[in-house]
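Protein chains: 2
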Amino acid sequence: MNSDIDRYIESVRAEFETKLEEWVEIPTISAEPEHKADINRGADAAVQYLRSLGADAEKVATPGNPVVTGKFVTGRDRPIVTIYNHLDVQPANEPQWLRAPFAFYKDGTRYIGRGSTDDKGPALTALFGARYAIEHRTPVNIQFIWELEEEIGSPNFEHFMKQKAGNLATDSIVVSDTIWIARGKPAVAYGLRGLAPMRLILETGTKDVHSGVTGGAARNPITELCQLISECYDARKGQVRMPGFYDDVARLSKSEIDNFLASGFTVKQFKRAHELKTMREGDEADIASRLWARPTFEVHGIVGGYTGPGVKTAIPYRAEAKISMRLVPNQNPDKILKLAKNFIKERNADVQV
Amino acid sequence: MNSDIDRYIESVRAEFETKLEEWVEIPTISAEPEHKADINRGADAAVQYLRSLGADAEKVATPGNPVVTGKFVTGRDRPIVTIYNHLDVQPANEPQWLRAPFAFYKDGTRYIGRGSTDDKGPALTALFGARYAIEHRTPVNIQFIWELEEEIGSPNFEHFMKQKAGNLATDSIVVSDTIWIARGKPAVAYGLRGLAPMRLILETGTKDVHSGVTGGAARNPITELCQLISECYDARKGQVRMPGFYDDVARLSKSEIDNFLASGFTVKQFKRAHELKTMREGDEADIASRLWARPTFEVHGIVGGYTGPGVKTAIPYRAEAKISMRLVPNQNPDKILKLAKNFIKERNADVQV
Chain A
3 MNSDIDRYIE SVRAEFETKL EEWVEIPTIS AEPEHKADIN RGADAAVQYL RSLGADAEKV
63 ATPGNPVVTG KFVTGRDRPI VTIYNHLDVQ PANEPQWLRA PFAFYKDGTR YIGRGSTDDK
123 GPALTALFGA RYAIEHRTPV NIQFIWELEE EIGSPNFEHF MKQKAGNLAT DSIVVSDTIW
183 IARGKPAVAY GLRGLAPMRL ILETGTKDVH SGVTGGAARN PITELCQLIS ECYDARKGQV
243 RMPGFYDDVA RLSKSEIDNF LASGFTVKQF KRAHELKTMR EGDEADIASR LWARPTFEVH
303 GIVGGYTGPG VKTAIPYRAE AKISMRLVPN QNPDKILKLA KNFIKERNAD VQV
Chain B
3 MNSDIDRYIE SVRAEFETKL EEWVEIPTIS AEPEHKADIN RGADAAVQYL RSLGADAEKV
63 ATPGNPVVTG KFVTGRDRPI VTIYNHLDVQ PANEPQWLRA PFAFYKDGTR YIGRGSTDDK
123 GPALTALFGA RYAIEHRTPV NIQFIWELEE EIGSPNFEHF MKQKAGNLAT DSIVVSDTIW
183 IARGKPAVAY GLRGLAPMRL ILETGTKDVH SGVTGGAARN PITELCQLIS ECYDARKGQV
243 RMPGFYDDVA RLSKSEIDNF LASGFTVKQF KRAHELKTMR EGDEADIASR LWARPTFEVH
303 GIVGGYTGPG VKTAIPYRAE AKISMRLVPN QNPDKILKLA KNFIKERNAD VQV
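Heads up: the protein sequence lines correspond to chains A and B, in order. For the record, in the first sequence the residue sitting at position 181 is 183 according to this note's numbering, with numbers rising by one throughout. For the record, in the second sequence the residue sitting at position 208 is 210 according to this note's numbering, with numbers rising by one throughout.
Careful, some of the hints might be misleading.
For identical chains, the list gives no copy identity; a pair is met inside one copy or between any two copies.
The list that follows gives simulated cross-link-like pairs (lysine to aspartate or glutamate, DMTMM-like), each with its CA atoms no further than 20 Å apart [said to hold, decoys possible]:
{"no.": "1", "residue 1": "K273", "residue 2": "E286"}
{"no.": "2", "residue 1": "K347", "residue 2": "D236"}
{"no.": "3", "residue 1": "K38", "residue 2": "E60"}
{"no.": "4", "residue 1": "K38", "residue 2": "E24"}
{"no.": "5", "residue 1": "K337", "residue 2": "E233"}
{"no.": "6", "residue 1": "K279", "residue 2": "E96"}
{"no.": "7", "residue 1": "K38", "residue 2": "E27"}
{"no.": "8", "residue 1": "K347", "residue 2": "D336"}
{"no.": "9", "residue 1": "K21", "residue 2": "D352"}
{"no.": "10", "residue 1": "K61", "residue 2": "E160"}
{"no.": "11", "residue 1": "K61", "residue 2": "E24"}
{"no.": "12", "residue 1": "K239", "residue 2": "E283"}
{"no.": "13", "residue 1": "K279", "residue 2": "E205"}
{"no.": "14", "residue 1": "K239", "residue 2": "E348"}
{"no.": "15", "residue 1": "K38", "residue 2": "D109"}
{"no.": "16", "residue 1": "K337", "residue 2": "E160"}
{"no.": "17", "residue 1": "K279", "residue 2": "E322"}
No lab work stands behind these hints: they were computed from the structure.
Only chain A is shown next, with the shape it has when bound in the complex (with noise of 0.2 Å):
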């Protein structure tokens, strides 16, 4: 059996480098609105693939983007696997892209090009799975649903599900968007962290105005928003300060974490595979409970006043922050989102969240 994968490994192989070069140079960022064009591009060109491979498959609209869907139906008796995956991508602004993101590039095993690792590739990598499948005959109806919007969110995807659930019905889901800790020994993960996020908006002024004249008496929105943010969140002990964000976080058992330790995860590994000069202190099991169990309060982006080269000493008028918080089992979104707003409203009722 091995070995008939194997070949079939090789056999397709060419097959698959030019499915993810094609795929992988379609701009399919979600978060650039001028990206659209693109993002329906990407649709289509799946859509198409999907058919040309004997599945059913459509391309669903939503209030936003689209949401594909392909199926293999072998018989209404079998049990039905459906997988996941999102055919978008962050944008690839980051000065580290030594070559065009959006290229794709083959460095011996290994593929590069936005998209090529999150969530292209994988997607691409269970289709030939599920071809694999079909093809020997494997007696399973096996489905797909690759998203457009998964990297701002999913916004649209409550209203997809409502809106095909009914054609959906499965046994089973595998959502092929997560990785493995360690080389060579394969992990599931049992649950995600969802995101919840917010935008912080401060502005004080319609314009920037003289720190020599008006600084002591105008309001920096920047200080403010640095002093929300650090009620919200202290940094340091890498804790949400916001009174009730914890209260309903899951517990973890002993064997979770024993599960956690024995996925082959090691802080040092991870400290290196993610590029981080420093990272926050703690054993294996704090590090591994914080990554997979608990929930988190990140600032994406801030910006405010004068960013180029020398001083200008300025007092900016606006200043906002890009804000998530990742949210674990029996946390309710709403409620956070309630909380943290009211939190925010109460500390500082300027800001606009």
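For this one, chain A is given, so just place chain B on it according to the hints.
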């Protein structure tokens, strides 16, 4: 006498406006290195004009931008008045500019264009005043010092002073770069706050990392900088929190506060004049004291992570804040900067100051 001055003003208005236009349209932005040639062009124009009026003028080189000096010498035994202005300007990247900032524009009796009020207009006004005094044989020598690094904290002014102090003996100095508090009520500033700048940079990795994968273990440089800034400064109270910061601040006397109020200062007018939507609360005496006699701590710019449209849920690897403290009489800038650096290093050893 008055009508003579009025006649003089009318007779030179056209020349004044032509000259102001010429100077304003040279973008002498000291914060932006690409304007180095404009800085020199601005200095040359000033030297040339001083000479055309009969002054001894010179462009004095420093390790940074030059300083322009000019002298009207009428007699060795006569008192010397030195007038200080600066010819550099702030960057003009504010979105509120309705016209090109370096295209001079006359709107009735208002002159519009970057630098027309800070500080090229006042420099020219003082020069025309001096010219009137000299032409009317006022028994005084008048000399000018026009700096081209004022807006970036005068890093080479000390160098200039050490080099040229011997030639610049003076009986009094007028800093012609301040404001009148109320229209029609002349005011003399008898003290100015100085500027102690800092830049804080925190890098916790070499690239942005995924907040779902690393959040909870990776250090977030934005939240850490926010926390650090709020530990340095209470934005709500407008109070610096670093121990020792206020130790040497000179106390205000009752008569000083009375003079502040006699200047015509009102919180309402101040708020309107600077287009502040909201400002710090306090009565006239409190706000005036904060503005003119209390030190400040301001963040002029902060940037970190993704600041484009939408959300990018990465944890950034770098954040940066540009900060200045305005210092008041008896505060020693070296001492304060050292105090601040020590405080910051103690709170977050990874921050580069």
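Within a copy, between copies, both or neither: which one fits K38 and E60 at a CA-CA cutoff of 20 Å? Within. Shortest intra-copy distance 18 Å satisfies the 20 Å Cα cut-off; inter-copy 59 Å does not.
For K279 and E205, with the copy left unspecified, which applies at a CA distance of at most 20 Å: within, between, both, or neither? between (35 Å within a copy, 8 Å between copies)
When Cα atoms must be at most 20 Å apart, do K337 and E160 count as within-copy, between-copy, both, or neither? Answer is within; shortest intra-copy Cα gap is 18 Å, inter-copy 58 Å.
Should K21 paired with D352 be assigned to within, between, both, or neither, using CA atoms and 20 Å as the limit? So K21 and D352 fail the 20 Å test inside a copy (50 Å) and across (44 Å) alike.
Since the copies are identical, ignore which copy is meant and state whether K337 and E233 lie within 20 Å (CA to CA) inside a copy, between copies, both or neither. This pair counts as within: shortest intra-copy Cα distance 19 Å, inter-copy 30 Å.
Within, between, both or neither, where K38 and D109 count as close if Cα-Cα is 20 Å or less: Neither, since 30 Å and 44 Å both go past 20 Å.
Alpha-carbon proximity between K239 and E283, which holds within one copy, between copies, both or neither at 20 Å: For K239 and E283, the Cα distance is within 20 Å only inside one copy (10 Å; across copies 33 Å).
Regarding K279 and E96, is the shortest C-alpha distance of 20 Å or less found within a copy, between copies, in both, or in neither? Only inside one copy: K279 and E96 sit 17 Å apart there, 36 Å across copies, limit 20 Å.
If the cutoff is 20 Å on CA atoms, where do K61 and E160 land: within, between, both or neither? Let me know, please. within (16 Å within a copy, 69 Å between copies)
Are the CA atoms of K273 and E286 at most 20 Å apart within a copy, between copies, both, or neither? within (12 Å within a copy, 54 Å between copies)
For the identical chains here, do K61 and E24 meet the 20 Å Cα criterion within one copy, between copies, both, or neither? within (18 Å within a copy, 61 Å between copies)
Please sort K38 with E27 into within, between, both or neither, judging by C-alpha distance up to 20 Å. Cα proximity of K38 and E27: one copy only (15 Å, versus 42 Å across).
Of the hints listed earlier, those the structure fails to meet are numbers 9, 15, in rising order.
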